[in-house]
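Asker: What follows is each chain in one-letter form.
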Amino acid sequence: MTMFSPANLKRLFLILVITAVVAVMTGTPGSSTASPTTGVHGSFLERVSWFGLFVAPRWLLFTTLGVIVWLVVSLYRPRARSIRRGIDTALALPKALATKRSTRVALMLVALVVVIFLPKFVHESFWMYLIVEQIGVWILLALGLNVVVGFAGLLDLGFAAFYAIGAYTTAWLTGALPAPALFHHPIPTLWVIPIGILAAMIFGVLLGTPTLRLRGDYLAIVTLGFALIIDDFVETQSGVTGGGVGSAPVPHPALNLGFWHFHWGITPTPYYYLCLVFIIVFIIVFTSLERSRIGRAWVAIREDEVAAESVGINPLKYKVMAFAVGAASGGFGGVMSAGLVGIVNPGLFTFQISVNVLVLVIFGGMGSIWGVALGAIVIQTATSYLDNYQPWGYQINDLYMYIGALLIIMMIFRPAGLLPSRRRAREFAAAKGDEQVHTDEVLTGDQP
Amino acid sequence: MLTVTDAVVRYGTIEALHGISFDVQQGEIVALLGANGAGKSTTLRMVSGLHAPASGSIIYEGRDITKVKAHEFVSMGISHVPEGRRVFPQMTVEENLEMGAFRRSGPLRDDIEEIYVQFPILKERRKQPGVNLSGGEQQMLAIGRALMSKPRLLLLDEPSMGLAPMIVETIFSIIGQIRDAGTTVFVVEQNATQALRLADRGYVMENGRIVFGDTAKNLLTDPRVRAVYLGESVEGE
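Going line by line, the protein sequences match chains A and B. When we follow this note's numbering, the leftmost residue of the first sequence carries the number 1, and every step to the right adds one. When we follow this note's numbering, the leftmost residue of the second sequence carries the number 1, and every step to the right adds one.
Think of the hints as simulated: they come from the structure by calculation, not from any bench. Just so you know, even glycine gets a beta-carbon here, dropped at the ideal spot from N, CA and C. A portion of the hints provided could be inaccurate.
[Unchecked claim] Label pairs and their calculated CB-CB ranges:
no.	chain 1	residue 1	chain 2	residue 2	range
1	B	N36	A	M3	52 to 62 angstroms
2	A	R291	B	K127	14 to 24 angstroms
3	A	T287	B	G106	43 to 53 angstroms
4	B	G106	A	G225	40 to 50 angstroms
5	A	M108	B	N36	24 to 34 angstroms
[As the list claims (entries may be wrong)] Non-contacting residues of chain B with respect to chain A, defined by C-beta distances greater than 12 angstroms in every case (computed):
no.	residue
6	H18
7	I59
8	I78
9	P89
10	F102
11	R145
12	V211
13	V228
[What the hints assert, rightly or not] DSS-like mimics (lysine-lysine), calculated; alpha carbons at most 30 angstroms apart, straight line:
no.	chain 1	residue 1	chain 2	residue 2
14	A	K10	B	K67
15	B	K150	A	K95
16	B	K150	B	K123
17	A	K120	B	K150
18	B	K123	B	K67
19	A	K100	B	K150
20	B	K217	A	K317
21	A	K100	B	K127
22	A	K95	B	K127
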């Protein structure tokens, strides 16, 4: 294929159309009161800085970017096979090392040392706070959703509901809600941790038992509905939940062992360690669950529910279990967030949150505990950075456009995720390849 | 061993089985025959607990199992090989076999080796994912997986479906061996000639009813069997 073959020119055209769409979407919004062409003018004719190098109109910037993409693609396509082979050979050694148990253990130890000493390197309290609130809590959410989506293969679009339950349970039991605390006796925030986890798990069972008889899309819709109900409830029942304003301040956790007092207060570092301990505990619990009999039942249900039933697995029981187990870390995320932020309000539990958690799981690698943890770290670090520094004229409203583009690129080049689980990678490869017809089969009309 | 009496199955308002009765005695192979859409698969779905009958009863070893759920069958000694093989696609052959013993504990090594003796090809392929096996191998794996739970009654749904005649021959001879080893077999099959050569008794279905039943020997020569399969059943389809 030459550079200027009709097929390649068609590709250039397509890329330029996409670039124009991106230019409009990232450009100045239109206005109904001023000239209706404000948006178009702003998107194409406005002069902007090119990454701080020089200033020129936007249309020129975007066309240049489009042409660069086109050049890269047309240079890559004819050489794709040899480039891919080169990458494979280059990665052969690291891959072989990575599968060795000793390297894995070493990597884990290095990671452990890094996370333990991380607060020593992060001097700004602001960033430490973001690390706990934007990364730590989100790792917990992603780990929990991974059990549901990655292990058991159930699409849950309402995971934020469990996050909300954890957080509101905390606010309720510590006496921060308009509704009186249980037995009119507020309890310390730290004690809420086990109760919050338990409450989320109970809701997992309550939601799961009737709905998990449904499969696929139907289940996704019902979970979405459940999340919307919770969202609606906390938003409108202001007498119970505080409504849109949210709760009164939730006391910061404190520990009193008689001989030793510790108060979490407003500095984020102690929360960091609390969160870290629980992340490690959840990782250990989920890893051992994955390898257990329960984990094998989840794989069986994910791969073929009828076959699973035929070997004696009760699908409903194990699916409900996945919901409850996943809800546990989601619920703890809620407790953590309430204790750290010191206030609970409905803005934390929108549909957008559920989708964001799902993005982390898909990006990191469904079914891979280390994958989703890494996915959460990468995406949440990037979004926190972009939101707070706003480099290159980045606008917060555009975040989801970039995340969408990132997911599309992932689906093309690494569909099983950043660090895919071995089995999931195989499933994706199998879904991609054509079905084989073997010599001992005959094709009949009534094959499933 | 298994007695079905006046079973009626409905899908919504449509009655698929209009009160069927049959029985399976210990140690025999019973074949359920019939053309496409006669109600064979519905019958097996009912007998394996996937779809409860609206009325009628299913008695197994003197126990009423009409309302028992599919996943509880395994622990009662009934194993079901579902239609279309249904091996776990991304589990290896060996993992598939291990899943077959999900409901019992204890070491599995000896039992797996026993399955490998019966199906040597599975041993060769034991590290391969199920999806990479050929149809015949998948059928053997599905049967082997069902045997891992040590059933007293084995339910087979269309074991010859989509397979070439030579493999069908092999599979049927294995089903014979399973019976000889002491497991009762109830098989739903479209390939009447093959099934009747192997079975001890057979029932023939038409339009959601069992129209007649007899010993396999008699059915093989019965002209009504051919009539049920309009256009006459030719060996190997």
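Asker: Indicate, hint by hint, whether the structure satisfies it.
Answerer: For each hint, the structure was consulted:
| no. | hint | result |
| --- | --- | --- |
| 1 | B:N36 / A:M3: 52 to 62 angstroms | 56 angstroms, holds |
| 2 | A:R291 / B:K127: 14 to 24 angstroms | 19 angstroms, holds |
| 3 | A:T287 / B:G106: 43 to 53 angstroms | 25 angstroms, violated |
| 4 | B:G106 / A:G225: 40 to 50 angstroms | 44 angstroms, holds |
| 5 | A:M108 / B:N36: 24 to 34 angstroms | 57 angstroms, violated |
| 6 | H18 | 23 angstroms, holds |
| 7 | I59 | 21 angstroms, holds |
| 8 | I78 | 10 angstroms, violated |
| 9 | P89 | 6 angstroms, violated |
| 10 | F102 | 5 angstroms, violated |
| 11 | R145 | 7 angstroms, violated |
| 12 | V211 | 21 angstroms, holds |
| 13 | V228 | 17 angstroms, holds |
| 14 | A:K10 / B:K67 | 62 angstroms, violated |
| 15 | B:K150 / A:K95 | 41 angstroms, violated |
| 16 | B:K150 / B:K123 | 19 angstroms, holds |
| 17 | A:K120 / B:K150 | 60 angstroms, violated |
| 18 | B:K123 / B:K67 | 38 angstroms, violated |
| 19 | A:K100 / B:K150 | 37 angstroms, violated |
| 20 | B:K217 / A:K317 | 45 angstroms, violated |
| 21 | A:K100 / B:K127 | 19 angstroms, holds |
| 22 | A:K95 / B:K127 | 21 angstroms, holds |
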